[in-house]
Amino acid sequence: MKLTREEVLHIARLARLGLTEEDVGKFREQLSNILENFEILQQVDTTDVPPTAQPLALKNVMRDDKVTPSLASDDILANAPRREGDCFRVRAVLE
Amino acid sequence: MPDNLAELTIHQAHELLKGRQLSSVELTRAYLERISKVEPEIQAFVTVTDELALKQAEAADRLLAGNGANPLAGVPVLIKDVMCTKGVRTTCSSKILENLVPPYDATVVEKLKACNAVIIGKANMDEFAMGSSTENSAFFTTRNPWDRSRVPGGSSGGSAAGVAAGETVYALGSDTGGSIRQPAGFCSVVGFKPTYGRVSRYGLVAFASSLDQIGPLTRDVADCALVMNAIAGYDSRDSTSAPEPVPDYTRCLNAELKGMRIGVPREYFVKGMQPEVDKAIKAGIEQLEKLGAEIDWEVSLPHTPYALAVYYIIAPSEASANLARYDGVKYGFSYQAPTMWESLEKTRQYGFGAEVKRRIMLGTYALSAGYYDAYYLKAQKVRTLIRREFDRAFLPPSPSK
Chain A
1 MKLTREEVLH IARLARLGLT EEDVGKFREQ LSNILENFEI LQQVDTTDVP PTAQPLALKN
61 VMRDDKVTPS LASDDILANA PRREGDCFRV RAVLE
Chain B
1 MPDNLAELTI HQAHELLKGR QLSSVELTRA YLERISKVEP EIQAFVTVTD ELALKQAEAA
61 DRLLAGNGAN PLAGVPVLIK DVMCTKGVRT TCSSKILENL VPPYDATVVE KLKACNAVII
121 GKANMDEFAM GSSTENSAFF TTRNPWDRSR VPGGSSGGSA AGVAAGETVY ALGSDTGGSI
181 RQPAGFCSVV GFKPTYGRVS RYGLVAFASS LDQIGPLTRD VADCALVMNA IAGYDSRDST
241 SAPEPVPDYT RCLNAELKGM RIGVPREYFV KGMQPEVDKA IKAGIEQLEK LGAEIDWEVS
301 LPHTPYALAV YYIIAPSEAS ANLARYDGVK YGFSYQAPTM WESLEKTRQY GFGAEVKRRI
361 MLGTYALSAG YYDAYYLKAQ KVRTLIRREF DRAFLPPSPS K
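Chains as they are written, first to last, in the numbering used here: chain A, 1 to 95; chain B, 1 to 401.
Bear in mind the hints are in silico, worked out from the structure with no lab data behind them.
Not one of these hints is a red herring.
Derived pair list, reagent style DSBU-like, types lysine-lysine, alpha-carbon separation capped at 30 Å: (1) A/LYS66 <-> B/LYS113; (2) B/LYS111 <-> A/LYS59; (3) B/LYS346 <-> A/LYS2; (4) A/LYS26 <-> B/LYS346; (5) A/LYS66 <-> B/LYS111; (6) B/LYS95 <-> A/LYS26; (7) B/LYS330 <-> A/LYS66; (8) A/LYS66 <-> B/LYS86; (9) A/LYS2 <-> B/LYS271.
Now the in silico label distances, taken between C-beta atoms and shown as ranges: (10) A/LYS26 <-> B/GLU298: 43 to 53 Å; (11) B/LYS113 <-> A/MET62: 22 to 32 Å; (12) B/ARG251 <-> A/ALA72: 40 to 50 Å; (13) B/VAL221 <-> A/VAL93: 48 to 58 Å; (14) B/PRO40 <-> A/ASP86: 42 to 52 Å.
We put the CB at the ideal spot given by N, CA and C, even for glycine.
Build out the structure end to end from the sequences listed, making use of the hints.
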């Protein structure tokens, strides 16, 4: 089953990824092929099998509530494409 | 000056430096000369950090005058351009980070600096570590030093080629699905992916966080142990760092193989395997047997055929989340369009290469409403089954057997 044009555009929108018309056609083809290869997993019985998110037996790793030095804001802002004072400057979110 | 720059190991360099037969500045200059000679053909480096390297070499020389210098002191290292280096451009071989200068060091870089290592440059790679040939670099393709018409493998292709071409003594790479081991194989150097959690990922630009791991590429196994001694260990800044004591890896060298049982999973010999590869692997196994190891050819990991599909769901899913941060606001390439949404979409459209976009799309799809259970959750469950098979394979043999 091939992905529709609308499905590809929907995923691109979720990923905030601009696509050309050519990309849309290419991804319809490529993603459909890859997804087809994933069908193999349907052969595996995973009833009552818990998922593995990461391989270590760690959970809820906490640190002590202690103040430690952090990076200076000037260092953080040094790579900003647009800056205003101590803030990152962005395009208006609301019109 | 040693005339075998392409063969010099860390432990050999250390002996020369310690014995004052050679200074770190001389050694570093020799490698910088070698780089300017072979780099036009190999293209392993995104950035050559000559000034930094010579400064670090001078500092190392002062230290090496005393006793007890770390084996890595004064020895040049090449770092894959996916690890943050304070004040030195870190690009991930991507257009979107082409001009990023990190304000901090990755933990591994901090640790190498604490050993007085000499950072000679940043290595080319597949963009965001996605690929296995280094052809996905947004800048250029690295060539295999053994045959320049061939690829060096990837994604740590620059690291592997740099070591093989004698442009550095050793390198750091990162491995998510083979990205240290495969280029090390292609370039005939030693590559090691440590157990997940062993080396801190703090300052490693994330691709797939539950799989990414930093490791060494070296000329021999002893060097690999020396680098592991320097970079392994718990780090509170990486919450998936393993709170385990670190052994002295050099004590594992020259270990007796007698009494060691090595399992060879049946499923790893697949149809369509090249006969040369099959032969080389079996020769390696025979060598281990000759050295006294007991080989068990009956080990079976039946879920192996599903591993690739599991990987190709989990890695892109995590990547799509990790790469959401590249929005052209805080750092990196930024396309200035009239509206916020357009700026965001165009920044990512022009900033990412084709393979990265494909994986972002794939991961976003696998995580999207309606498909999460069928793809991502299913893959995580099969991952559990794959893990359990390994756990079983490593259980001590039962007494009844």
